[in-house]
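Using the sequences and the accompanying hints, generate a full structural model.
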Amino acid sequence: MSANELVFMMGKFEARFPTDRLYAKNHMWAQPDTDQPETYRFGFSAYAVRLLQDIYFLDWIRDAGEALQERQQVGGIESSKAESDLYAPFTGTLTEFNPALLSDPSAINIDMYGAGWLFKMAGTGTSLLNPQQYLEHLQDAWKVAERTLKGQFND
Amino acid sequence: MARLTVVVSQGQSANPKKRALEEEIVTSLLFEKGIEVTVVPNLYDLKPDGTGMLCLKGISGNFVIASWLYPRAAHWVLDRNGVKGQFGKTLLRHEDEDDEEFGEGPPSLAEESASEDVIGPRDVPSRHIYCLDLRAYETAGPYVDEIKRIANESTVQTVDLMGFLGGNQASAEQTARFLDPAPGNVHSTANGSEKNEISGGNGHEPFDLDLVGGAQTDDSGGESADATTLHNEPLRIDEETGRRWYPVIDFSRCTNCMECLDFCLFGVYGVDRFETILVEQPDNCRKGCPACSRVCPENAIIFPQHKTPAIAGSPEVGGAAAFKIDLSKLFGAPEGLDAAVQERDAELVAAGRDAVGMSVGIPKRQQDKPDGPKDKLDNLMDQLDDLDL
Numbered sequence: 063m064s065a066n067e068l069v070f071m072m073g074k075f076e077a078r079f080p081t082d083r084l085y086a087k088n089h090m091w092a093q094p095d096t097d098q099p100e101t102y103r104f105g106f107s108a109y110a111v112r113l114l115q116d117i118y119f120l121d122w123i124r125d126a127g128e129a130l131q132e133r134q135q136v137g138g139i140e141s142s143k144a145e146s147d148l149y150a151p152f153t154g155t156l157t158e159f160n161p162a163l164l165s166d167p168s169a170i171n172i173d174m175y176g177a178g179w180l181f182k183m184a185g186t187g188t189s190l191l192n193p194q195q196y197l198e199h200l201q202d203a204w205k206v207a208e209r210t211l212k213g214q215f216n217d
Numbered sequence: 242m243a244r245l246t247v248v249v250s251q252g253q254s255a256n257p258k259k260r261a262l263e264e265e266i267v268t269s270l271l272f273e274k275g276i277e278v279t280v281v282p283n284l285y286d287l288k289p290d291g292t293g294m295l296c297l298k299g300i301s302g303n304f305v306i307a308s309w310l311y312p313r314a315a316h317w318v319l320d321r322n323g324v325k326g327q328f329g330k331t332l333l334r335h336e337d338e339d340d341e342e343f344g345e346g347p348p349s350l351a352e353e354s355a356s357e358d359v360i361g362p363r364d365v366p367s368r369h370i371y372c373l374d375l376r377a378y379e380t381a382g383p384y385v386d387e388i389k390r391i392a393n394e395s396t397v398q399t400v401d402l403m404g405f406l407g408g409n410q411a412s413a414e415q416t417a418r419f420l421d422p423a424p425g426n427v428h429s430t431a432n433g434s435e436k437n438e439i440s441g442g443n444g445h446e447p448f449d450l451d452l453v454g455g456a457q458t459d460d461s462g463g464e465s466a467d468a469t470t471l472h473n474e475p476l477r478i479d480e481e482t483g484r485r486w487y488p489v490i491d492f493s494r495c496t497n498c499m500e501c502l503d504f505c506l507f508g509v510y511g512v513d514r515f516e517t518i519l520v521e522q523p524d525n526c527r528k529g530c531p532a533c534s535r536v537c538p539e540n541a542i543i544f545p546q547h548k549t550p551a552i553a554g555s556p557e558v559g560g561a562a563a564f565k566i567d568l569s570k571l572f573g574a575p576e577g578l579d580a581a582v583q584e585r586d587a588e589l590v591a592a593g594r595d596a597v598g599m600s601v602g603i604p605k606r607q608q609d610k611p612d613g614p615k616d617k618l619d620n621l622m623d624q625l626d627d628l629d630l
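Protein chains in written order, with my numbering: chain A, 63 to 217; chain B, 242 to 630.
Each hint should be verified, as a subset may be incorrect.
[Unchecked claim] Between beta-carbon pairs, the in silico distance windows are: (1) N620/B x E128/A: 30 to 40 Å; (2) T188/A x G361/B: 49 to 59 Å; (3) L164/A x T380/B: 27 to 37 Å; (4) D95/A x V597/B: 29 to 39 Å; (5) V590/B x L164/A: 18 to 28 Å; (6) D95/A x G361/B: 49 to 59 Å; (7) A261/B x L164/A: 18 to 28 Å; (8) L578/B x L211/A: 20 to 30 Å; (9) K298/B x L211/A: 40 to 50 Å.
[As the list claims (entries may be wrong)] Straight-line C-alpha distance at most 25 Å; calculated DSS-like pairs for lysine-lysine: (10) K259/B x K288/B; (11) K143/A x K205/A; (12) K325/B x K389/B; (13) K205/A x K570/B; (14) K74/A x K205/A; (15) K74/A x K570/B; (16) K570/B x K143/A; (17) K389/B x K298/B; (18) K143/A x K258/B; (19) K143/A x K259/B.
[What the hints assert, rightly or not] Over the 12 Å line for every Cβ pair with chain B, so calculated as not near, a few chain A residues: (20) F75; (21) R78; (22) T188.
Hints are computed from structural coordinates only; laboratory data are not their basis. Each residue gets a CB set at the ideal place from its N, CA and C atoms; glycine is no exception.
Structural data, given as structure tokens:
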């Protein structure tokens with residue numbers, strides 16, 4: 063483990079989280095946008111990408127400029143292993159979607175902490191977690207995730 | 242000979258795997274006698290007055306539609322657009338489905354009259370519509386085999402209906418066919434025509450059940466039968482379709498309780514002149530919002546593109562119909578009536594209106610619900626709730 067990242071073990075898989083940014087409970091990272099104040103760029107954390115695996119379809123049901131409540135649905139994602147709806151990480155205004163992902167979402171798998179960013183939202187960001195807090199959140203989340211995965215496999 | 246139209250409804254996304262399966266099915270059917278293939282954009286996205294829907298309305302007689310939707314969803318989307326028919330029983334089932342369950346979709350009208358409250362669909366003609374779910378198999382083979390089986394079955398039925406219901410005097414030959422419609426028995430000796438030989442086991446008189454865009458039946462004799470029954474190009478409908486989002490009512494389940502009408506505050510629902518619930522303004526619906534479906538006591542409201550199988554019209558509520566793991570809960574999805582209320586509030590605010598929370602149109606039955614002992618699922622849900630996602 064290098065000095066600028068934290069690692070969480072998902073079974074035998076090492077999920078790595080850069081410490082240069084904040085995290086949301088719905089497994090997105092958040093980085094203050096350099097150009098606009100009070101605006102964050104969001105992307106999937108390694109935990110989310112590991113659960114999803116190869117992503118091949120991403121769909122947004124909201125438009126830039128819309129005000130969103132925390133946990134309001136913004137879109138959906140389909141991968142080789144799973145599908146999921148996606149929700150707003152905090153209450154704020156959607157300012158931009160990553161246009162590069164619209165035609166080809168594979169950048170999420172290739173470079174989740176960089177070119178694979180999802181969208182930008184304006185908001186205060188007070189509900190975001192620091193990397194250490196996010197790791198603590200994962201301790202509990204992972205237990206439930208394991209049970210959910212097993213439960214759905216065994217149905 | 243009678244023709245069977247096979248409609249392939251394309252997936253919403255340009256997922257290459259999906260396109261490849263669609264095209265493989267189309268290609269495999271092109272040289273099948275008596276089968277005509279039409280390709281339309283995603284059935285659910287078709288505009289009510291667009292070319293695609295007009296084409297579907299133009300199909301008379303039985304037809305097959307293969308789509309990336311649950312058969313129930315496809316059936317009721319068609320019904321809402323006036324493309325009506327009996328639910329054709331298909332032997333296709335998902336690879337992971339239980340063997341005990343035979344076929345898919347709602348029970349026939351006769352079976353369903355057992356439940357008195359159900360209003361049932363109106364004005365349904367006797368023809369059958371067979372809905373195949375393209376997510377059931379990864380290869381074209383099972384679909385092509387099933388379509389051939391249906392084509393065979395359909396042709397026999399058509400002769401029966403045309404010969405007797407049409408009011409014409411049934412010929413001795415027709416009667417014989419009716420009594421024993423086995424393929425070997427239809428080979429005509431009475432008129433010695435070559436047609437029957439050419440068309441093999443399905444050799445019946447050429448009934449014109451023709452369809453939009455279908456080729457004309459050649460009545461000039463037997464010599465060019467091949468040319469009339471083989472098509473090497475499918476009919477492709479290129480309709481500009483934006484993505485649509487609206488509920489579809491399964492009238493084999495709906496009891497006309499009006500809870501959806503009370504709950505939806507966007508004017509999607511209305512009643513027709515018989516006071517029957519109706520999706521009156523589908524495009525008033527808020528994209529992504531499935532809230533009314535969650536409050537429907539009969540699970541009769543389908544949002545065909547929703548991720549949750551029970552909402553998207555899977556045959557069994559809560560059955561093993563999930564093809565992919567749904568991680569929505571892990572990514573922060575709310576649950577149940579809370580979800581419905583939250584979804585509705587979010588849409589109200591987005592539309593510049595005030596959130597109403599639990600104060601409007603909440604079904605009363607929730608209040609009387611007794612607190613039973615918690616099962617494993619409840620416990621898992623409690624844990625998820627405790628997570629404070």
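Tell me, in ascending order, the numbers of any earlier hints that this structure violates.
none
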